[in-house]
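Participant: Taken in order, these protein sequences are the chains called A and B. In this note's numbering, each residue's number is its place in the first sequence (first place is 1) plus 313. In this note's numbering, each residue's number is its place in the second sequence (first place is 1) plus 313.
The hints are simulated quantities; they were obtained by calculation from the structure and are not laboratory data.
Since the list gives no way to pick one copy over another, a pair counts as held whenever it fits inside one copy or between any two copies.
In silico DSSO-like cross-links for lysine-lysine, where the CA-CA straight-line distance does not exceed 30 Å:
hint	residue 1	residue 2
1	602	829
2	418	455
3	578	334
4	829	593
Given next are the chains, with one letter for each unit.
There are 2 protein chains.
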Amino acid sequence: MKITIAQLNYHIGNFEGNLAKMLEAVSQAKKEGSDIICFGELATCGYPPRDFLDFDDFIKHTLHSIDKLREAADEIAIVVGSPSVNPVPEGKDLYNSAYFLADQKIKYVQHKTLLPTYDIFDEYRYFEPASAFDIVEYKGKKIALTVCEDIWNIGNENPLYTVCPLDLMIPKGVDFILNVSASPFSFSHAEERLNILRNNVQRYGKAMFYVNHVGAQTEIIFDGGSVVMSPDGKVYEEMEYFTEAVRTFELDSVMKGGQENVQKKDKIALIHDALVVGVKDYFGKLGFKKAILGLSGGIDSAVTAVLAQRALGKENVRVLLMPSQFSSDHSVNDARELAENLGIQYDIIEIKDVYDAFLGKLSPIFKDAPFNVTEENIQARTRGTLLMALSNKYGNILLNTTNKSEMAVGYGTLYGDLAGGMSVIADVYKMDVYRLARYINKDGEVIPENSISKPPSAELRPDQKDSDSLPDYEILDQILYEYIEKVQGPEEIIALGYEAALVHRILRLVNINEFKRYQTAPVLRVSDKAFGVGRRMPIVGKYLS
Amino acid sequence: MKITIAQLNYHIGNFEGNLAKMLEAVSQAKKEGSDIICFGELATCGYPPRDFLDFDDFIKHTLHSIDKLREAADEIAIVVGSPSVNPVPEGKDLYNSAYFLADQKIKYVQHKTLLPTYDIFDEYRYFEPASAFDIVEYKGKKIALTVCEDIWNIGNENPLYTVCPLDLMIPKGVDFILNVSASPFSFSHAEERLNILRNNVQRYGKAMFYVNHVGAQTEIIFDGGSVVMSPDGKVYEEMEYFTEAVRTFELDSVMKGGQENVQKKDKIALIHDALVVGVKDYFGKLGFKKAILGLSGGIDSAVTAVLAQRALGKENVRVLLMPSQFSSDHSVNDARELAENLGIQYDIIEIKDVYDAFLGKLSPIFKDAPFNVTEENIQARTRGTLLMALSNKYGNILLNTTNKSEMAVGYGTLYGDLAGGMSVIADVYKMDVYRLARYINKDGEVIPENSISKPPSAELRPDQKDSDSLPDYEILDQILYEYIEKVQGPEEIIALGYEAALVHRILRLVNINEFKRYQTAPVLRVSDKAFGVGRRMPIVGKYLS
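Between the sequences and the hints, there should be enough to build the whole structure, so can you do that?
Facilitator: Here it is in structure tokens:
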């Protein structure tokens with residue numbers, strides 16, 4: 314028996330596009346003499362479809378796609394994830410299902426049991442969990458069909474859940490396990506995934522075919538890395554990251570095992586590649602080609618510009634350099650040098666005249682009020698308005714260049730440097746932005762060394778440095794990580810050895826700036842806890858604030 | 314027996330404040346000789362606490378509050394909603410529980426069974442549903458304790474759920490039902506609530522004491538309206554809307570029934586009062602006093618200004634009039650007249666100089682490119698920057714004045730007129746904004762008649778009218794309502810008699826503007842489906858776009 318894994322880049326709600334892509338993979342698999350081809354979770358509509366699932370019209374489109382795939386399932390069986398309708402009135406209207414299509418029929422439908430409802434996931438908002446479990450017999454083989462999270466509660470040891478679907482399926486006699494997933498990337502996820510798969514395979518002694526999505530849906534990035542694991546727990550194949558692929562495997566050879574094919578998992582390289590795909594798909598799937606951003610001469614905008622150029626091509630990225638009277642000469646030079654290294658279009662607009670025009674209009678009201686954050690923000694908003702003007706005039710989407718450390722403590726101006734259609738590096742802490750810059754320069758200087766080595770500054774007042782108002786990023790990032798990723802409270806963080814007053818100050822800054830993050834662009838997610846849809850915090854809350 | 318309902322305005326994460334408020338109500342109830350006092354759902358921490366619930370430290374604070382209330386429960390019993398910890402590793406870590414505290418002990422804890430996970434609700438993200446159901450005996454009475462949604466699946470007829478908790482409790486012998494709720498306002502909700510309560514009471518023939526929250530938590534508004542219903546299905550008491558109240562009832566008198574005390578439920582009056590509370594609590598709970606907004610002379614900013622003045626007092630609201638060369642004279646006059654009617658501070662800043670400064674800086678790039686939306690947006694963003702400058706300098710929070718119709722179709726400028734810390738009327742369709750204006754003027758002209766009767770215009774280019782680019786609001790609002798509130802697809806809406814091309818165009822406008830709504834301020838929720846946390850839509854989706 315031959316089994317094909319189709320690791321594809323779907324597009325939410327693009328039924329025709331997704332279907333065409335799947336039918337093409339079916340043709341290829343047929344040519345390769347495959348017996349079964351497997352697609353990902355909710356492949357007909359893309360993942361996550363969110364509240365589109367509430368529309369009957371949307372569900373009808375998914376059923377239409379299933380019908381077309383059913384027709385194509387003649388000499389080959391097709392396994393595909395898609396919503397199915399709960400036939401009884403009790404419970405949610407839909408199931409998140411894996412369809413087994415063969416002989417041009419719907420041969421079996423296994424619903425998903427474990428519905429992730431945490432972080433970025435909202436599955437219980439839409440789906441009823443499975444309450445029936447069976448296996449599929451096809452061409453003499455018995456197959457356990459599972460959907461994503463269903464294999465993440467091995468022997469019921471995951472405290473989120475109370476059921477282990479495979480414990481209920483395996484006793485029915487199973488030759489191998491199929492899993493259709495939509496399992497989002499984080500820089501530690503590929504490793505975790507292999508561990509989970511290995512634990513399943515070792516528990517049951519069965520081979521596993523694990524099919525993932527690839528590509529980005531707004532902020533959520535899928536890395537692919539679909540896996541075929543032999544019953545001996547060895548990785549028979551780990552498919553490529555961040556690239557579509559359709560690959561056919563001989564079951565006999567997989568069952569024999571003994572082969573180990575895993576890829577390198579370097580954190581910074583993975584983040585780099587994920588962000589490039591994130592930018593590329595955001596533009597591609599929205600039908601845009603061109604980006605714009607402001608280059609300050611600092612490291613954040615430099616790294617963002619490189620990622621954009623690698624995602625979209627140098628001809629599709631343009632930048633603005635917008636010095637003020639507070640900008641240092643080297644900032645403009647560093648920015649210009651980077652633009653030249655990247656071969657991207659740049660323009661220079663000095664903002665002083667606009668800034669002065671604002672102050673002139675405000676002076677009858679402000680009178681002698683001293684310079685403060687107001688005037689800093691006017692500079693940032695003047696820049697935001699100039700960037701958006703080019704965006705509006707030429708159709709270049711503005712990329713936001715804020716990093717995660719700044720985003721956390723609210724060190725940024727709403728409608729100014731926090732503007733943009735997408736935040737490229739706002740899930741990357743400042744210390745990792747430095748590492749990304751070094752990684753980008755590994756084969757020669759792309760980002761000017763000076764942008765990396767100089768002390769970070771917003772240059773919004775004379776001789777300003779980030780360190781005037783923020784602790785060292787090395788300490789700041791560690792405390793933020795404990796609070797945001799590890800969900801530790803103040804007492805636990807202080808117990809790790811950090812200064813109490815500093816911990817309280819930082820946690821307070823995070824919490825009182827929730828209102829800013831509420832209004833910022835989607836953030837490409839590369840960690841286990843990114844700002845945005847996966848982290849839901851009250852704005853009027855008084856906790857730690 | 315006497316039972317006290319405490320309908321209070323909690324503050325998320327403000328443990329000390331919430332506890333002090335509850336202890337004060339306990340004292341009052343004791344003075345009135347009450348036997349039981351009831352607070353709302355998750356009253357210790359406020360509702361919705363969102364991902365604060367993931368912090369052990371946060372949960373410890375709730376347990377501390379329960380402990381203090383337990384100490385106060387000596388001659389009185391206290392019923393209070395609060396999280397409780399799931400003692401076994403299987404399932405989610407927490408329950409959403411109603412504590413029954415008496416004789417200074419935790420006498421009983423009933424967990425919530427039906428966990429709303431739709432619209433603004435994410436309860437299954439945090440809580441394990443109850444699997445055990447019992448009743449409480451106190452001073453010779455048998456009491457069924459329920460939490461909010463638990464009474465919304467009468468006889469298992471709500472398709473979202475498969476369990477009806479009261480069906481399992483009532484057979485144990487029950488004298489009356491208590492329900493601790495946090496049930497958010499929408500303009501139709503108070504009516505629905507009475508129907509649900511009546512259906513429960515009629516099904517079981519038992520009296521019901523229903524306790525709600527009051528006040529706003531960012532975008533979510535609680536209207537109070539707590540209810541005592543007699544076994545005859547009559548409303549013994551419907552407590553006040555939008556106001557804290559602590560009221561003690563004689564059980565014997567409630568059981569006798571025959572009394573009907575309901576309040577008027579006028580849609581526009583309810584929306585008006587809800588929005589005033591929404592603005593008031595947003596400021597009060599964040600520790601701010603003062604607001605600012607731009608007055609254009611149009612109806613949206615006029616209505617917003619009135620609501621702000623009523624919420625915060627005339628001394629705490631200031632406005633900017635920011636005419637351009639495209640503004641009509643009457644706009645400035647209408648705005649000025651409104652400011653004078655309201656007795657609020659106003660300043661006039663002409664934006665032409667700043668606008669010209671922007672164009673001057675851009676002209677080397679734009680050259681002869683024709684005037685388009687770019688130049689319109691520069692005007693809007695200049696105004697946004699001026700408003701934010703005053704906001705930054707004086708601590709006035711910017712209120713956004715966009716209505717729901719505009720917000721739906723993306724008729725507004727990001728970082729311009731879409732700026733602001735809170736959107737006051739963005740859940741009110743344009744036709745209802747007119748109704749709100751008429752309601753505000755019911756006892757004399759507050760909003761100049763001209764602001765109401767003139768054709769709406771953004772005044773961003775010569776002789777511009779909304780009707781140049783949008784269909785009549787009467788039609789637009791109806792189609793939007795079908796799509797947004799009623800979740801109807803294009804075919805269903807066209808079948809209602811609307812022109813097909815228009816329906817497709819409007820639905821497309823809604824969907825392609827998701828990126829704008831993602832970046833706008835929280836929207837005070839007054840309908841069943843507001844933009845924001847209760848409506849979760851993909852940005853890169855291709856559905857209907």
